[in-house]
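Below, each chain spelled out in residue letters.
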Amino acid sequence: MRDVTLYELEQLGAGAAEAEEAFQMDEDSFRVFYERTARPVWAYLARMTGEARLADDLLQEAYYRFLRARVAHESEAHRRNYLFRIATNLVRDLRRRPRVDDVPIDNGRRAIDCADPQSEDAAMGAARRVDLRRAMARLKPRERELLWLAYAQGSSHQEIAQALGLKTASVKLLLFRARRHLAALLREGER
Amino acid sequence: MTRRLIMDCGREADVLEAVAFGRWPDHAAELVAHVAACAACADLVVVAGALQNDREAACREAPVPAAEMVWWRATIRARADAARTASRPITVAQGVAGACAVGLTCGLASIAWRSVPWADRFGELATRLATRRVDLASTLAMEHALPLVLVLAACLVLAPLALYITLADD
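Residue numbers (the working numbering), protein chains in the order written: chain E, 1 to 191; chain B, 1001 to 1170.
You may find that some hints are simply not true.
Far from chain B, some chain E residues (derived; all Cβ distances over 12 Å) [said to hold, decoys possible]:
hint	residue
1	Tyr63
2	Val71
3	Glu74
4	Ser75
5	Arg96
6	Arg97
7	Arg133
8	Gln162
9	Lys167
10	Thr168
11	His181
12	Ala184
Some chain E residues judged to face chain B by a derived CB distance under 8 Å, without partners named [claimed, not checked]:
hint	residue
13	Arg39
14	Trp42
15	Leu59
16	Arg80
17	Tyr82
18	Val130
19	Gly154
20	Arg180
21	Ala183
22	Arg187
23	Gly189
Keep in mind that the hints were calculated from the coordinates and are not lab data. Using N, Cα and C, we set each Cβ at its ideal position, and we do this for glycine too.
Take the sequences, apply the hints, and build the full model.
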């Protein structure tokens, strides 16, 4: 392996300093924030896109955009919600782009299932998650986003409205309809 | 037993909390009775339970890279973006200079053309065109085919090279 020269180290150091100036937080604050949010954001991206590989790429992109955004955050919750908003926009952009390898989410196990098959509970859990994924795939993208943010992420109506670009007043009704839809699909799957 | 379906059930928050904190159904006997009569809360139990289990599993299995790696990639990309932004005015200036050069050449050519008695030249051109109209193109092509092909090939080879040298970062 090639040794790194002193000049290259200096360049990297200078680059890191420049980048920190361009970002909205320093490395230590970022690390703390990332540890708290990376897994939920990845889960959201994976479930909204239906593909783990895409979620990996979008995760990096989401944090980059977050770091570059010059937004003053009132609180940790506001910051986290802003990150989910970026993630939502990324998923929507992805949907608008035509894709060559667009395979429908029909087999449920395509991307993310890795439950331990040795235990019966785990197998049942995995089967339920497959059912859920099949049912989620039959929902409209906005319904999926609403339901995930509300019931998986535990976001308030106001946070959901901000993340999805909706009016707070309309979240309740949309969520109610989406919930009924998903519950019906899940019960249908059980029968 | 038929369940009432109302959008605004006052027990929704309690039901959601019981599901979220793992108290459902064993430690929420009163809520279980309510859910048996409320269709909205029954839907909530089904949906919230499934989504929360899925989220837990996804978070457990999430192959997220280390924070240092994400930070490092972001700094590299920020530098590349900064370099691209810095080079943009140079590219614009080069384009403007090119356009000026083309404009200047055209202007000079038009002045030179006007300085020659235009009527004579136009008459001469019209006569030539009238006599050799049909085979003008083919004759030109036959006479200048090889040099033309060579010039075009040179352009095809040199243009990407020139573009690469102009746009290369280092």
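Each hint tested on the structure:
Here tyrosine 63(E) does not stay apart from chain B, with its beta-carbon only about 5 Å from theirs, under the 12 Å limit. For valine 71(E), the shortest C-beta to C-beta distance to chain B comes to about 16 Å, beyond the 12 Å cut-off, and the non-interface label holds. Distance check on glutamate 74(E): its Cβ is at least 23 Å (rounded) from any Cβ of chain B, clearing the 12 Å threshold; non-interface status holds. At roughly 21 Å from the closest C-beta of chain B, the C-beta of serine 75(E) stays outside 12 Å, upholding its exclusion from the interface.
The claim that arginine 96(E) lies off the interface holds: its Cβ sits roughly 23 Å from the closest Cβ of chain B, which is beyond the 12 Å cut-off. Distance check on arginine 97(E): its Cβ is at least 20 Å (rounded) from any Cβ of chain B, clearing the 12 Å threshold; non-interface status holds. Its beta-carbon lying about 8 Å from the closest one in chain B, arginine 133(E) breaks the requirement of being farther than 12 Å from that chain. Against chain B, the non-interface label of glutamine 162(E) holds: every CB pair exceeds 12 Å, the least being about 20 Å.
For lysine 167(E), the shortest C-beta to C-beta distance to chain B comes to about 17 Å, beyond the 12 Å cut-off, and the non-interface label holds. Residue placement check: threonine 168(E) keeps its beta carbon more than 12 Å from all beta carbons of chain B (closest about 15 Å). Chain B draws histidine 181(E) into its interface by the beta-carbon criterion, the shortest separation being 9 Å against a cut-off of 12 Å. Non-interface status of alanine 184(E) relative to chain B is broken: a Cβ of that chain comes within 12 Å, the nearest being about 8 Å off.
Taken as an interface hint, arginine 39(E) checks out: its beta carbon lies about 4 Å from the nearest beta carbon of chain B, inside 8 Å. Annotation: interface hint on tryptophan 42(E) holds; nearest CB of chain B at approximately 4 Å, less than 8 Å. Using the Cβ-Cβ criterion of 8 Å, the hint placing leucine 59(E) at the interface with chain B is satisfied: the shortest such distance is roughly 7 Å. At a threshold of 8 Å, the smallest CB-CB gap from arginine 80(E) to chain B is about 14 Å, leaving the interface hint violated.
Interface restraint check for tyrosine 82(E): the shortest CB-CB distance to chain B comes to about 16 Å, outside 8 Å, so the restraint is violated. Hint status for valine 130(E): violated, given a least beta-carbon distance of 10 Å to chain B, over 8 Å. Interface hint status for glycine 154(E): upheld, as the beta-carbon distance to the closest one in chain B is roughly 7 Å, under 8 Å. Look at arginine 180(E): its Cβ gets to within about 6 Å of chain B, closer than 8 Å, so that hint holds up.
The restraint placing alanine 183(E) at the interface with chain B holds, with a minimum CB-CB distance near 4 Å, inside the 8 Å limit. Given the 8 Å rule on beta carbons, the hint for arginine 187(E) holds: about 7 Å separates it from the nearest Cβ of chain B. Because the closest C-beta pair between glycine 189(E) and chain B is about 10 Å apart, greater than 8 Å, the hint is violated.
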